[in-house]
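Using the sequences plus the hints, can you model the full thing?
Protein chains: 2
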Amino acid sequence: MADEYDYHKMWGDLGMDVEAHDGLLGVVGEMYQTMFLTQKNRPASTSYLDGVAANLHSGRIREMVDGRSEGNPKKIIGSFCLYVPEEVVTAAGAVEVGLCAGAEWAPEDAERYVPRNTCPLIKGFMGFKLGRVCPYIESADLVVGENTCDGKKKAYEQFSKLKPMYIMDVPHVRNDDTKLQWRHQVHALAARIEEETGQKITEESLRAAIKLANDKRRALQRLSATRAADPVPISGLDCLLTVQAAFMDDSARLTGAINQMADECEKRAAEGIGAAPKGAKRILYTGTPMAVPNWKLFNIIEKAGGVVVGEECCTGSRYYKDLVPEDGATVDEMLDDIADRYLNIQCAIFTPNQGRRDDVIRMARELHADGIIDASLSFCTIYEMEAFDMEKAAQEAGIPYMHLSTDYSAEGDGQLTTRIQAFLEMI
Amino acid sequence: MADEYDYHKMWGDLGMDVEAHDGLLGVVGEMYQTMFLTQKNRPASTSYLDGVAANLHSGRIREMVDGRSEGNPKKIIGSFCLYVPEEVVTAAGAVEVGLCAGAEWAPEDAERYVPRNTCPLIKGFMGFKLGRVCPYIESADLVVGENTCDGKKKAYEQFSKLKPMYIMDVPHVRNDDTKLQWRHQVHALAARIEEETGQKITEESLRAAIKLANDKRRALQRLSATRAADPVPISGLDCLLTVQAAFMDDSARLTGAINQMADECEKRAAEGIGAAPKGAKRILYTGTPMAVPNWKLFNIIEKAGGVVVGEECCTGSRYYKDLVPEDGATVDEMLDDIADRYLNIQCAIFTPNQGRRDDVIRMARELHADGIIDASLSFCTIYEMEAFDMEKAAQEAGIPYMHLSTDYSAEGDGQLTTRIQAFLEMI
Numbered sequence: 301m302a303d304e305y306d307y308h309k310m311w312g313d314l315g316m317d318v319e320a321h322d323g324l325l326g327v328v329g330e331m332y333q334t335m336f337l338t339q340k341n342r343p344a345s346t347s348y349l350d351g352v353a354a355n356l357h358s359g360r361i362r363e364m365v366d367g368r369s370e371g372n373p374k375k376i377i378g379s380f381c382l383y384v385p386e387e388v389v390t391a392a393g394a395v396e397v398g399l400c401a402g403a404e405w406a407p408e409d410a411e412r413y414v415p416r417n418t419c420p421l422i423k424g425f426m427g428f429k430l431g432r433v434c435p436y437i438e439s440a441d442l443v444v445g446e447n448t449c450d451g452k453k454k455a456y457e458q459f460s461k462l463k464p465m466y467i468m469d470v471p472h473v474r475n476d477d478t479k480l481q482w483r484h485q486v487h488a489l490a491a492r493i494e495e496e497t498g499q500k501i502t503e504e505s506l507r508a509a510i511k512l513a514n515d516k517r518r519a520l521q522r523l524s525a526t527r528a529a530d531p532v533p534i535s536g537l538d539c540l541l542t543v544q545a546a547f548m549d550d551s552a553r554l555t556g557a558i559n560q561m562a563d564e565c566e567k568r569a570a571e572g573i574g575a576a577p578k579g580a581k582r583i584l585y586t587g588t589p590m591a592v593p594n595w596k597l598f599n600i601i602e603k604a605g606g607v608v609v610g611e612e613c614c615t616g617s618r619y620y621k622d623l624v625p626e627d628g629a630t631v632d633e634m635l636d637d638i639a640d641r642y643l644n645i646q647c648a649i650f651t652p653n654q655g656r657r658d659d660v661i662r663m664a665r666e667l668h669a670d671g672i673i674d675a676s677l678s679f680c681t682i683y684e685m686e687a688f689d690m691e692k693a694a695q696e697a698g699i700p701y702m703h704l705s706t707d708y709s710a711e712g713d714g715q716l717t718t719r720i721q722a723f724l725e726m727i
Numbered sequence: 301m302a303d304e305y306d307y308h309k310m311w312g313d314l315g316m317d318v319e320a321h322d323g324l325l326g327v328v329g330e331m332y333q334t335m336f337l338t339q340k341n342r343p344a345s346t347s348y349l350d351g352v353a354a355n356l357h358s359g360r361i362r363e364m365v366d367g368r369s370e371g372n373p374k375k376i377i378g379s380f381c382l383y384v385p386e387e388v389v390t391a392a393g394a395v396e397v398g399l400c401a402g403a404e405w406a407p408e409d410a411e412r413y414v415p416r417n418t419c420p421l422i423k424g425f426m427g428f429k430l431g432r433v434c435p436y437i438e439s440a441d442l443v444v445g446e447n448t449c450d451g452k453k454k455a456y457e458q459f460s461k462l463k464p465m466y467i468m469d470v471p472h473v474r475n476d477d478t479k480l481q482w483r484h485q486v487h488a489l490a491a492r493i494e495e496e497t498g499q500k501i502t503e504e505s506l507r508a509a510i511k512l513a514n515d516k517r518r519a520l521q522r523l524s525a526t527r528a529a530d531p532v533p534i535s536g537l538d539c540l541l542t543v544q545a546a547f548m549d550d551s552a553r554l555t556g557a558i559n560q561m562a563d564e565c566e567k568r569a570a571e572g573i574g575a576a577p578k579g580a581k582r583i584l585y586t587g588t589p590m591a592v593p594n595w596k597l598f599n600i601i602e603k604a605g606g607v608v609v610g611e612e613c614c615t616g617s618r619y620y621k622d623l624v625p626e627d628g629a630t631v632d633e634m635l636d637d638i639a640d641r642y643l644n645i646q647c648a649i650f651t652p653n654q655g656r657r658d659d660v661i662r663m664a665r666e667l668h669a670d671g672i673i674d675a676s677l678s679f680c681t682i683y684e685m686e687a688f689d690m691e692k693a694a695q696e697a698g699i700p701y702m703h704l705s706t707d708y709s710a711e712g713d714g715q716l717t718t719r720i721q722a723f724l725e726m727i
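These protein sequence lines are chains A and B, in that order.
Throughout, our numbering is defined as the position within the first sequence, counted from one, plus 300.
Throughout, our numbering is defined as the position within the second sequence, counted from one, plus 300.
It is worth saying that the hints were derived from the structure and are not from the lab.
A couple of the hints might just be wrong.
Identical chains share a label here; the pair holds if one copy fits it or two copies do between them.
[Said to hold, decoys possible] DSSO-like mimics (lysine-lysine), calculated; alpha carbons at most 30 Å apart, straight line:
#, residue 1, residue 2
1, 596, 500
2, 692, 463
3, 479, 621
4, 500, 461
5, 309, 500
6, 461, 692
7, 309, 511
8, 603, 374
9, 375, 596
10, 596, 511
11, 581, 461
12, 567, 621
13, 603, 463
14, 596, 692
15, 479, 578
16, 374, 511
17, 692, 309
18, 461, 340
Predicted model only: the values in this text are computed from it and were never measured.
Below, the structure is given as structure tokens:
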């Protein structure tokens, strides 16, 4: 399909390193080809995902950036975390996008700002910025960070030297004080985004934004439910990409596409049509989030004959399992409802965090998982630490469990594959 | 000096591994001999420190534990952090002690609870507990943890399986909400300690406890001020041990001893008598805390001909630089004053944390430091991250700076010594 728009000019105008970026696109395109397009028996409706992937750095940026030059100054708000409520951003007339953090880029540059032994996600976003190869970072008017883990909290002090940032303070325990504190943080974010866009958040705009986000979550919940079937109608790779797409794609359009995928998968489930053979070993994933193009673990699992049937993580169920009440009467009430919904995300920064383990066991049972794979990005203290109790919870539930630690390089992939194959054979 | 008290019986009664503990005492005693007792021109008053060191696991435990068996149920409250206010513990009739975390012990056991690549301080306290070689941990009735860094926050979830724990939630930003939240945390701690001791905190007891802690801080401030002199009247090693002792020793007795050290050091400063030669390269230390017996860095610096003239860290100036107001009228007001004083500790968990850099530069100037050595324990994300801006602050101030990363093993000591020698020659 010919696309005559000059994307190289667009990237150049955004201040990107166009040549390096071409290299990045080449590598990611090849990965996509190898990992996604070689899958057998994909639902036809996943063709939408192929379009998302193809347009991620081109068409999607164009529609956001072009929109702005036509007298519609739609602001772009970047974030790195589930904790930044998209409803607030949408209601103030801006668009929230997830920023690049899923690959290693310019690590030597990143190490001028953060230590060598930093988690690859953090080192990734520093490198993407310093190497100027992420059109989301470059086009963002404001980046909203959040004090979650020590690494991000401190890295934002560095990133804010490179981009305008606003930081939300996320509590690490749940009690009356921190609930109030977090509500204040969400109200303050609303004021900051209003200031950025020059547009007031109204009852109507906020109610519509809540509905928009909930509709996307409901669609994802529908899709997720179909994965309880054996054979499973859709691969873990495609479901991971669906949630990853939710951080970048137009919300209403994507919701339509997810509902089509859910329609098709419900039909396939009823008819016994699978993306993996009936009886394939079913894996519940839990652990650190996976930003585009961090697909390798799911690819290894599924190429080895397993199939991922659920994801208890920020690029999985945490993104869509809880809705925001739609009956808030005032802006303040709705902002409080939003805050309360987000405070309930079972991030490993919280202590205690029994809720995450409960979710994992519940999901493993609902989705008939044969085993749990719990993976941490290297140097991710909180997930590495939680793995000890996660293993115990899995043992108590009688579900086979494996913990992995991995980064973005391909160096350890051989060993990873061997361990995963052994786990699939064992369960 | 013969001491007929049966310490082996005491340690056994505490549930300790007496044989392993004998081994530990042997190693630490040897370290003390090599590092402290070989120092030349020590102030005579430091003999008190030798007594503290000799009695750390014996006499001091005996006086705390014996006190309890004679109908005086004085409770022992353990902690791992400056953020647990000793005034509150003292005022409720208990004694707060710092727990062992300054050496590697039983690392294989610790790795059943925390990841291998955990900061040595955390791995240390897990190992000390699992190996049953810390009489402070074993005699503590309650351990008060604090949500500071990710590693400790999550490790306490494990430690609380081994010891009764109470956790304080420490904010990571300073604003009106977190000030209130932290005040509530301090009030809640007071209630919890009262419950533990069965003793109410009164205006009188709290006022006296504030004065007791302030007196210790004032004594340490006096001692610290003498270190601006050239030659410096006392070594960094002895000053580090003085603050380390403050976490374990009887407060009033130690304060008396520190004031004697300050008296002597003021006199030495006036007379030009030094623990190091005039003109010795003067180092300001900043970085992670150093728990007993983690003396190696100071030992390397001072054996190489440098001298540490100040410590911007939790086992240094942060411990004593700020007082609690002594004019609080009610228990509530005094608890708020205590909370506010502690919230001002410039721990690297805070963001932003410009105050720490300001303190370092101020101290370097006041104490006429020739260079700054900023050291992080391995895998300590927050201090590793802050080193980048610390280096810039030092550059801007025109003060030579070096960052080191180190753990409790002796493995890298040769390289460390070489780097420190080179730094001392360069400045």
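To see whether the hints hold, each was checked on the structure:
1. In the homo-oligomer, the alpha carbons of residue 596 and residue 500 never lie at most 30 Å apart, since the shortest distance is 42 Å inside one protomer and 59 Å across protomers.
2. In this assembly of identical chains, the alpha carbons of residue 692 and residue 463 lie at most 30 Å apart only when taken from different copies (19 Å versus 42 Å within one copy).
3. Within a single copy, residue 479 and residue 621 get their C-alpha atoms as close as 20 Å, which meets the 30 Å cut-off; across copies the closest is 33 Å, which misses it.
4. In this assembly of identical chains, the alpha carbons of residue 500 and residue 461 lie at most 30 Å apart only when taken from the same copy (28 Å versus 50 Å across copies).
5. For the homomeric pair residue 309 and residue 500, neither the shortest alpha-carbon distance inside one copy (34 Å) nor that between copies (73 Å) is at most 30 Å.
6. Taking the closest pair of Cα atoms, residue 461 and residue 692 come within 30 Å of each other only across two copies (13 Å); inside a single copy the shortest separation is 42 Å, beyond that limit.
7. In the homo-oligomer, the alpha carbons of residue 309 and residue 511 never lie at most 30 Å apart, since the shortest distance is 36 Å inside one protomer and 69 Å across protomers.
8. Taking identical chains as interchangeable, the C-alpha atoms of residue 603 and residue 374 are never at most 30 Å apart, the minima being 41 Å within one chain and 63 Å between chains.
9. When the C-alpha separation of residue 375 and residue 596 is checked against a cutoff of 30 Å, the pair qualifies neither within a copy, at 33 Å, nor between copies, at 54 Å.
10. In this assembly of identical chains, the alpha carbons of residue 596 and residue 511 never lie at most 30 Å apart, being 33 Å within a copy and 60 Å across copies at closest.
11. In the homo-oligomer, the alpha carbons of residue 581 and residue 461 never lie at most 30 Å apart, since the shortest distance is 47 Å inside one protomer and 34 Å across protomers.
12. With identical chains, the CA atoms of residue 567 and residue 621 are at most 30 Å apart within one copy only, with a shortest distance of 22 Å there and 70 Å across copies.
13. In this assembly of identical chains, the alpha carbons of residue 603 and residue 463 never lie at most 30 Å apart, being 39 Å within a copy and 45 Å across copies at closest.
14. In this assembly of identical chains, the alpha carbons of residue 596 and residue 692 lie at most 30 Å apart only when taken from the same copy (26 Å versus 38 Å across copies).
15. Within a single copy, residue 479 and residue 578 get their C-alpha atoms no closer than 45 Å, and across copies no closer than 57 Å, so neither meets the 30 Å cut-off.
16. Taking the closest pair of Cα atoms, residue 374 and residue 511 come within 30 Å of each other only inside a single copy of the chain (20 Å); across copies the shortest separation is 59 Å, beyond that limit.
17. Taking CA atoms no more than 30 Å apart as the test, residue 692 paired with residue 309 passes in neither setting, with 54 Å inside one copy and 37 Å between copies.
18. Within a single copy, residue 461 and residue 340 get their C-alpha atoms no closer than 46 Å, and across copies no closer than 48 Å, so neither meets the 30 Å cut-off.
In summary, the numbered hints that this structure violates are 1, 5, 7, 8, 9, 10, 11, 13, 15, 17, 18.
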